[in-house]
Amino acid sequence: MNIANLYEEYSDRLTRYAISLSRSLDRADDLVQETFVRALEHSGDLLRMNRYQQEAWLKRVLRNRFFDEERANRRKQQLAQRLASHMLRQDSAGTLPDFDAVLDLIPLEHQQVFEKRFRLGMNSTEISQDLGISAGTVRYWLHQSIQCLRVAISQAPQKESSWIIKSSSKT
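According to the working numbering, the sequence shown is numbered sequentially starting from 63.
All the pointers check out, no bait thrown in.
Taking lysine to any residue pairs in the SDA-like style, the calculated list, with each CA pair at most 20 Å apart, reads:
1. Lys121 / Glu103
2. Lys178 / Leu211
3. Lys178 / Gln140
4. Lys138 / Gln209
Computed Cβ-Cβ distance ranges for the label pairs, DEER-style:
5. Arg122 / Leu170: 38 to 44 Å
6. Gln95 / Ala163: 35 to 41 Å
7. Asp88 / Gln115: 26 to 32 Å
8. Ala66 / Arg125: 19 to 25 Å
9. Gly183 / Arg75: 30 to 36 Å
Honestly, the hints are just simulated from the structure, not real lab data. Since this is a predicted model, take the numbers as computed values, not measurements. Backbone N, C-alpha and C fix where the C-beta goes; we use that ideal spot for every residue, glycine too.
Using the sequences and the hints given, assemble the complete structure.
Next comes the structure, spelled out in structure tokens:
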């Protein structure tokens, strides 16, 4: 048996399992693909297992990947909520740069993705469908944008950037 055979045998079951977790066919497909990438990386061990162990291993990898993504999304959402809450409190004092000023700190090609995520509240699947790029690319660009903002903010004068540094230091 090889990985292609494993895919043939388990992909439908894993897709159904992933849909039951994620409630999204697109996300389920991504999870199944990521699971089989992991299977390729561990093919030696996986191919020595019996059928039941293989299925259990594949489901465990898929489930762990799902919960890893959920935790990461929750942290991002909490950060965005704290940032938005802090922005609302500080905005009246006039000490906060506006959203467009923040967007200017990140690369042009990432601005649209960043705005859709944090201004419009879209998730990576929705953004990917809207822009015609993969959800993985969306998540990568968001990660890069946040890293870019952290660097820019850490180099900015304290008075202008204190609102973001305080918000992001809790994560």
